[in-house]
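Trainee: Okay, here's what each chain looks like letter by letter:
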Amino acid sequence: NAGVTQTPKFQVLKTGQSMTLQCAQDMNHEYMSWYRQDPGMGLRLIHYSVGAGITDQGEVPNGYNVSRSTTEDFPLRLLSAAPSQTSVYFCASSGGQGTRANYGYTFGSGTRLTVV
Amino acid sequence: GESVGLHLPTLSVQEGDNSIINCAYSNSASDYFIWYKQESGKGPQFIIDIRSNMDKRQGQRVTVLLNKTVKHLSLQIAATQPGDSAVYFCAERIGGSYIPTFGRGTSLIVHP
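If you're matching them up, the sequences are chains A and B in order.
Following the numbering used here, the numbering of the first sequence begins with 1 at its first residue and continues without gaps.
Following the numbering used here, the numbering of the second sequence begins with 1 at its first residue and continues without gaps.
Treat the hints with caution; some may be incorrect.
If you only want the chain A side, here are some residues facing chain B, beta carbon under 8 angstroms, derived [claimed, not checked]:
1) Phe10
2) Gly40
3) Gly42
4) Leu45
5) Thr86
6) Phe90
7) Tyr105
8) Ser109
9) Gly110
List time: in silico DSS-like cross-link candidates among lysine-lysine, alpha-carbon distance up to 30 angstroms [to be verified]:
10) Lys42/B <-> Lys14/A
11) Lys37/B <-> Lys56/B
12) Lys56/B <-> Lys42/B
13) Lys9/A <-> Lys42/B
14) Lys9/A <-> Lys37/B
Label-pair restraints from in silico Cβ distances [said to hold, decoys possible]:
15) Pro9/B <-> Arg77/A: 18 to 26 angstroms
16) Thr10/B <-> Asn65/A: 32 to 40 angstroms
17) Gln57/A <-> Ala78/B: 37 to 45 angstroms
18) Gln58/B <-> Asp26/A: 24 to 32 angstroms
Everything labelled a hint here was simulated from the structure, so no lab data went into it.
All values derive from a computational prediction rather than experimental measurement.
We put the beta carbon where it would ideally sit given N, CA and C, even for glycine.
Based on the sequences and whatever the hints tell you, model everything.
Mentor: Quick look at the structure:
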């Protein structure tokens with residue numbers, strides 16, 4: 001049981017490049033989310049999903065796309081990287097409504113992205 | 001990892017002391033609250049949660065107190081250890097929503 005797995009752990013991109021941050025969970029969780037974390041800013045929600053085929057925007061969605069074709073995977077795509085997207089990105093999952101034990105999110109270990 | 005703590009409120013304590021980390025939440029409709037611990041270079045880790053129909057919940061060395069009247073949440077850590085040094089986040093979930101909202105966090109520094 002690996003929990004939430006994020007790849008890569010580190011990435012450097014040039015401005016304008018695109019890439020996909022991968023997130024996979026093996027807990028059969030309904031809910032998955034992407035957050036970015038900047039110094040002193042806490043965790044800000046980018047996009048989230050409440051089940052396969054369903055996604056929605058969070059607080060800071062611009063410049064990012066997501067899809068949820070399976071319960072397990074929730075990739076985050078940067079369409080055209082900008083220096084403002086330099087951050088630490090966390091994926092998280094939760095069992096969702098009706099799953100009392102899993103209202104709290106399980107987080108991955110993060111992807112540290114630098115855009116130059 | 002250490003950059004997470006920059007510009008955050010900081011609490012410094014001596015090893016063995018009790019620590020109290022405070023959090024003010026924003027929405028009176030929030031029905032569920034969670035505390036997370038984030039160590040340097042790692043993702044946030046669930047510590048303890050509490051529903052809005054409770055005012056206190058205890059775990060191992062940790063207690064969460066909820067005061068709905070003033071929309072205040074606190075995390076008490078007994079006999080604080082150097083391994084407790086981390087950034088602590090509170091999160092609130094508004095009733096009917098799917099996703100919790102996180103506060104900015106507090107950096108706890110434990111001196112041996």
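Trainee: If a hint holds in the structure, say so; if it does not, say that too.
Mentor: The hints, checked one at a time:
no., hint, in the structure
1, Phe10, "violated (11 angstroms)"
2, Gly40, "holds (3 angstroms)"
3, Gly42, "holds (4 angstroms)"
4, Leu45, "holds (6 angstroms)"
5, Thr86, "violated (11 angstroms)"
6, Phe90, "holds (5 angstroms)"
7, Tyr105, "holds (7 angstroms)"
8, Ser109, "holds (5 angstroms)"
9, Gly110, "holds (5 angstroms)"
10, Lys42/B <-> Lys14/A, "holds (25 angstroms)"
11, Lys37/B <-> Lys56/B, "holds (19 angstroms)"
12, Lys56/B <-> Lys42/B, "holds (28 angstroms)"
13, Lys9/A <-> Lys42/B, "holds (11 angstroms)"
14, Lys9/A <-> Lys37/B, "holds (20 angstroms)"
15, Pro9/B <-> Arg77/A: 18 to 26 angstroms, "violated (34 angstroms)"
16, Thr10/B <-> Asn65/A: 32 to 40 angstroms, "holds (37 angstroms)"
17, Gln57/A <-> Ala78/B: 37 to 45 angstroms, "holds (41 angstroms)"
18, Gln58/B <-> Asp26/A: 24 to 32 angstroms, "holds (31 angstroms)"
Hint check: violations occur at hints 1, 5, 15; the rest are consistent with the structure.
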